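Residue numbers (this note's numbering), protein chains in the order written: chain A, 1 to 291; chain B, 1001 to 1389; chain C, 2001 to 2083.
Just so you know, the hints here were simulated from the structure itself, not pulled from any lab data. Some hints here could point you the wrong way.
Listed below are the simulated DSS-like cross-link pairs for lysine-lysine, each with C-alpha atoms no more than 25 Å apart in a straight line [unchecked claim]:
| # | chain 1 | residue 1 | chain 2 | residue 2 |
| --- | --- | --- | --- | --- |
| 1 | B | K1215 | A | K74 |
| 2 | A | K74 | B | K1226 |
| 3 | A | K194 | A | K74 |
| 4 | C | K2057 | A | K232 |
| 5 | A | K247 | A | K202 |
Everything numeric in this text was worked out from a predicted model, so none of it was measured.
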Amino acid sequence: MTEESMDIDMSMPTNTVEEFLRMERMPHIWCPGCGIGTTVNCFAHALETSGLDLKKVSIVSGIGCTGRVAGYLKLDSFHTTHGRALPFATGLKLANPELKVVVYSGDGDLTAIGGNHFIHAARRNVDMTVVLINNFIYGMTGGQVAPTTPIGATASTTPHGNFEEPFNLPYLAESCGAVYVARWTAYHVRHATKAIKDALLKRGFSFVEILAPCPTLYSRRNRLGDGLDQMKFYRDNSEVKNDADTKTVGLSFQGKVIVGKFVDKDKPTYLDSMNAFYAQKFGDKYSPYKG
Amino acid sequence: MKADPKGVMAGAYFIDGDHACAEGAIAAGCRFVAGYPITPSTEVVERIAERFPLIGGMFIQMEDEIASSIAIQGAVWAGKKAMTVTSGPGFSLMMEHIGLAAMTETPCVFVDVQRGGPSTGLPTLPGQGDMMQARWGSHGDYGIIALCPNSPQESFDLTIKAFNLAEQYRVPVLLMLDECVGHMTERVVVPPAEEIEITPRRYWEGPKEGFLLFKAAQDRVPPMVKAGDGYNIHVTGLTHDERGYPVMTAAAQEKLIRRLVDKIRLNSEAIVEYKEDQTAGADIVIVSFGITSRVAIPAIEQARREGAKVGHLRLITAWPFPARRIRELSGHVSCFVVPEINYGQMVREVERCVAGRTRVERVSHGGGSVHNPKDIYAKIMSCGKEERR
Amino acid sequence: MADTEQKKKGLGSVVINAERCKGCGFCVEFCPTHCLELSEQYNAKGYHPPVLALPEKCTGCNMCGLLCPDFAIYGFLFKKKKK
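The shape of chain A in the complex, shown without the other chains (with noise of 0.2 Å):
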């Protein structure tokens, strides 16, 4: 052996996401070519980069596929009723202010049932972290037309094909008051992680979409092949615009994809603006709320 190689340490570090995971509930129940163990991974990056507190880092999701990501997360972790993650979330953070929230969960679970406490919870601003993993069907219950469905798509509650105009998810945070918004696909990891690590650490209601491949119920009624077949679409069709007007980012069947950054400012969170309201009123009566 040459000295070279003799100073190379050859032995095999630990796949440092299974500090972040519930190895003991391995494997989990996504199938194969899902796009949400994808995002997990890029979650535990940005984590583990963030420099945060894991103790004070609780994960809130709902019902559905991508709801399940709570339940592998070696965190604070709560799996709650259909829909209401975010006004769940909104008890955590308003009660314990110095925990960081973060709300991980599907586009139908936020969107169609949840999509009131979305938009409440974007127009107050609070302080949490939102990762929404679009797959573009309801997953786990058999894959029905969810609000994102684009037009034309078959789903199982729309077997002739969904004629209903989805949302377009950056448009809606950004209108609802997102400080914050951003998509990538599964494909983009690097990206991904990247967005949703500026999320953690941005102050106020922090919107990342992840598109992702459903290939069992998506890609399969829809004869789009495969998760990796989706995976290689993303890749070939998606164009990163940065600072796009989110109007213009819709999403068709099959169509272009537009990813990027695509709202960053700043604005006084749900807190800041209580504090800064009750201690104009009250003056020295008032003590800031810390929780």
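Starting from the known structure of chain A, fit chains B and C onto it as the hints suggest.
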């Protein structure tokens, strides 16, 4: 432990039941309230909104009752005592989250100031039609506690009791007011903080290693922890094991749900509370709760003046129901009379407990006002005409 | 000979948990240096896990690790040993 003097507005006041409930919550140490306006409960949160900023409390009017009923649970897991307030239509909306609180053993208080129902019903007028819903309203099986104040003073006192029971049994507790009790104004005495006993949250004090968030300690109740303390807890509404991890099997269901039911059922002797008046040796016993218990008094007094041996059992806890006491009474009583502002809800519990041994009569009232005492009196007197066994 | 062996080593390598793999193919397709291949072997679930077919091309970038939805592979950089 004693109440925190910072919130306690010690003194005597002339306030209504809704306001008294708010003061009771503050005295109990509640510092997080999420609510949504709904008549006739709104005054509770209005007073909370007024009082909280200067005592370090957090009130937020959420976008709906569904959000309110889960925001409080987030607050509980962050370490606060929390409450939400509503009336019939909102109570219906909150049902899923009452079930979530029961399933995840999240201690919190839900106040329902009952009004005429069903549906939009009679927003500004009394009803007592949510009593069965209080017990069975969420899907599935679980144990629950529900208290019925009959005055503004009791609204204050029983709100404190509700918080204490919630902490003791790690369960959501329902406070069933009605529009009358909520909107009637009476003298309410708020004692000084050192005279108010409150139950602190039973936090785990042992080692972190191997801690099980859903493993029952004493009384079938597991200890609590909170987010941010490094326990890496997992809380889910799915059927779960003692770690809190989802386990979807019949065996896990039996183990968990039986404990959730038994937690209240087998501790009911310690939880049940009622007040009795002249029930020993009574021929006829009125079983009542809330405002109806006060309306029944002139009827009972008139009947007694005419020689009837009438006793009165007033429910403080509607749930768990005082089954044992009703069964005991059915041994010597010839008739139970159950007046309630509904078409027959708690009367069914009386019927269930006596199992045909004793006559049970209901005095139903659809809602919109309280009973005319004459109707209760007439029913009492019609029982008396029966032959004694 | 020793020098030739040294040249065959890349900047890093991968650790593969073959039994966890569900054969999605993300790692093989998107590895920037195309050094991964699906194995001819099957794991217990019936999937073909990846193998590091061209170890000298591995840059230890961990693209595979970030992409893998099943946490079945990750890459790492070789480090110089501390003296």
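Here's how the hints hold up against the structure:
1. B:K1215 / A:K74: holds (19 Å)
2. A:K74 / B:K1226: Between A:K74 and B:K1226 the Cα gap is close to 15 Å, so the pair holds against 25 Å.
3. A:K194 / A:K74: At roughly 21 Å apart (the allowed maximum being 25 Å), A:K74 and A:K194 satisfy the hint.
4. C:K2057 / A:K232: Since the Cα atoms of C:K2057 and A:K232 sit roughly 22 Å apart, the hinted pair holds (cutoff 25 Å).
5. A:K247 / A:K202: holds (23 Å)
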